[in-house]
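Residues per chain, in single letters:
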Amino acid sequence: MTENEPVLKLENLQKYFTDESLKDRILGRDVSPVRAVDEVTIDLYENESIGVIGESGCGKTTLLRTLMGLYKPTGGEMYYNGEPTSEFSKAEWQKYRRNVQIIFQDPFNSLDPKFTVRDTLKEPLQVHGLDNHEERMHRVLEEVQLNPPEQYIDRYPKQLSGGEKQRVSIARALILEPEVILADEPVSMLDVSTQASILTLLSNLMEEKGLSMFYISHDLSTVSYICDEINVMYLGRVVERSPTKKVLREPKHPYSQALIDAIPVPDPHYNRERTKIEGAALDPVDLGEGCRFRDRCPERMDICDIKPRFVDVDGESIASCHLYYDHESADPAADIDERRLASGSTTSGVEATGKAGDN
Amino acid sequence: MSEQPILELDDVTIQYRTAGGMLTAVSDASFTIGKGEYFGLVGESGCGKSTIAKTLIGALDDNGQISSGEIRYKGEPIQDYTEKQFNQELRWKEISMIPQGSMNNLDPIEKISNQAIEIAQVHTDMTRAEALERFEELFEVVGIQKSRIHDYPHQFSGGMEQRAIIALALFLNPSLIIADEPTTALDVIMQDQVFKYLDEIREEGGASMVLITHDISLVFESCDDIAIMHSGQIAETGDIETIYDDSRHPYAFMLKGAFPDHRYPDRELEIIDGYPPENMGEVNYCTFVDRCPYAVDECREMAPELEQWEGTESDHLVACFRSEDAYEEHQRSMPESDSESTEVHGDD
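Taken in sequence, the protein lines are chains W and R. Under my numbering, residues 1 to 359 are what the first sequence spells out, in order. Under my numbering, residues 1001 to 1348 are what the second sequence spells out, in order.
The set of hints was computed from the structure by calculation and includes no laboratory data. Hints may be right or wrong, so weigh each one.
As the list claims (entries may be wrong) - Negatives, chain R to chain W, calculated, CB over 10 Å:
#1 D1010
#2 G1034
#3 E1070
#4 P1077
#5 M1126
#6 D1151
#7 E1203
#8 H1214
To be verified - Derived DSS-like pairs (lysine-lysine); straight-line CA-CA distance at most 27 Å:
#9 W:K90 - W:K122
#10 R:K1196 - W:K276
#11 R:K1054 - W:K158
#12 R:K1146 - W:K276
#13 W:K114 - W:K158
We put the CB at the ideal spot given by N, CA and C, even for glycine.
Start from the sequences and build out the full structure, keeping to the hints where you can.
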């Protein structure tokens, strides 16, 4: 698959929000934008699932909404099968929306309470003018293991449990036979006993249908069940990209380390130290060009006021941190600049090693 | 435990009046919390854990009632206390509460210091100056600059606001703190910051705590004892090591197996099919029966009682007719435990 083009390709994608009032404009005042997503570069290949992990406010939801086409990027480009989305016509957007489907976080609010399962599944079929409604609906309900479909198809959301609702959301995303699934914390609202079954279902469906997935979450302990590779995001920027198991075992960026060290461990015999990180993340406004994590980072150095480059730390992990490159020697081979990252050569190398480790 | 326990629940049943009849939220629940002990109450949504929390501070919804059983605080039955008694005798100075960290537990238009002063004036005879001094001390305990007691709630981040609430909960030196999902709305780093301070309070040995949560890992890290609830019934209770090493109720060991542990990213997660029932009227069956792979007819005919698990000296209680066989069957069905070899988190 590495020879192929990525299904979705984000190149220095940027989404800034400017809250500029009319008065500011008249007086010619500059308002600093909120840099919700700041130069994010990610490639998503066929049948690959990539996680984006971060705390609230790190820009992961903005990124997802930009991917859905709900926000227009303020910079950079998004390519779908090689075509830049900024030049899409209305018809091309419709096609994009059919092929890129989303599963929302909250199954309790993302289903219309006045729609039966049938209505929920039928709507996308009608919008996109597909036929064989009944057959498609039955098949998709079987795929998400709501068996027998007849028993579920006329129910309203209130007649479904949380896990069943989330299965309906997944069915709604799958019924158009998309190429890409965008999943926004699909298990975080579910009880732990149902979480596992939804995760298993999602990863089996990915496999069977050759889907690609962007999986967005704050929960690092469940992400390993879905994603091959994850991007750790902090205040709008990706700070580390590693195979999932690698980042859990050996996080490279100080922020990834802090994040993983703070995950509670369900084992009373394990003595975990509480976090040493102080304070909370700031708003991504006027933070300058330096590393976004520098004010909370235990490893802070003077150089951190300069924007860190992405470097290949050990052939698997890529981190944007000054700790991992020699600033004296200007050896260009040691760096990975964004162009090389975007071309996918490094990412696919990472992926190949990650896959080999899995099996 | 020769010392007087702080809190005892004895066969407590709590019901809500609904249009469809009496909904039983908590059914014959019993547990005991000793002085200085941190007690974790764990279960999924709707299991009745928050109903217990509300009952303990006399804040049960209007249609709720304690139908039977006894709740004793320091030996004194409190289940029939009136609102006035709760206010005068218990709230804040004896039992305080840390509610869910959902950012709206403080009055948004009142400085935090004024909210503290109000609590002091209603519940104690502290002067204004004494109250402020005490509150400043507590801000330092929870790691916020003392000058910030005069801030408004919106000036704090989520984690700081939750710590300010902890300062309020500690303010009048209560013997029991009820923390209902105190960090659920917080990010993991902030959650850890909050628990760092809860640890410190525990080391000082001042207060006991009931930690109510769906997250079993928080309890395993921070509590002494644990009770696991399923749909109104307490399935199993004991000290955390015993429950971790040797849980016997099918729900308890399955819940443990369903919980992801980032140290073992390859471990298969246990799936518990189905969902908890809605219990109307008297609950004379095990509420886990429809989800339990080990259930027999007996489980539908009467409710299992919490009984001492043989072979342990500690207070390890299990409410299951089939605890022995179920555990063995479960062990046999497990794939070979190779989790140790796939451990990835090679810390320390």
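Here is how each hint holds up against the structure:
no.	hint	verdict
1	D1010	holds, 27 Å
2	G1034	holds, 18 Å
3	E1070	holds, 31 Å
4	P1077	holds, 33 Å
5	M1126	holds, 31 Å
6	D1151	holds, 15 Å
7	E1203	holds, 12 Å
8	H1214	violated, 7 Å
9	W:K90 - W:K122	holds, 22 Å
10	R:K1196 - W:K276	holds, 10 Å
11	R:K1054 - W:K158	holds, 26 Å
12	R:K1146 - W:K276	holds, 21 Å
13	W:K114 - W:K158	holds, 9 Å
Hint compliance for this structure: hint 8 is the single one not met.
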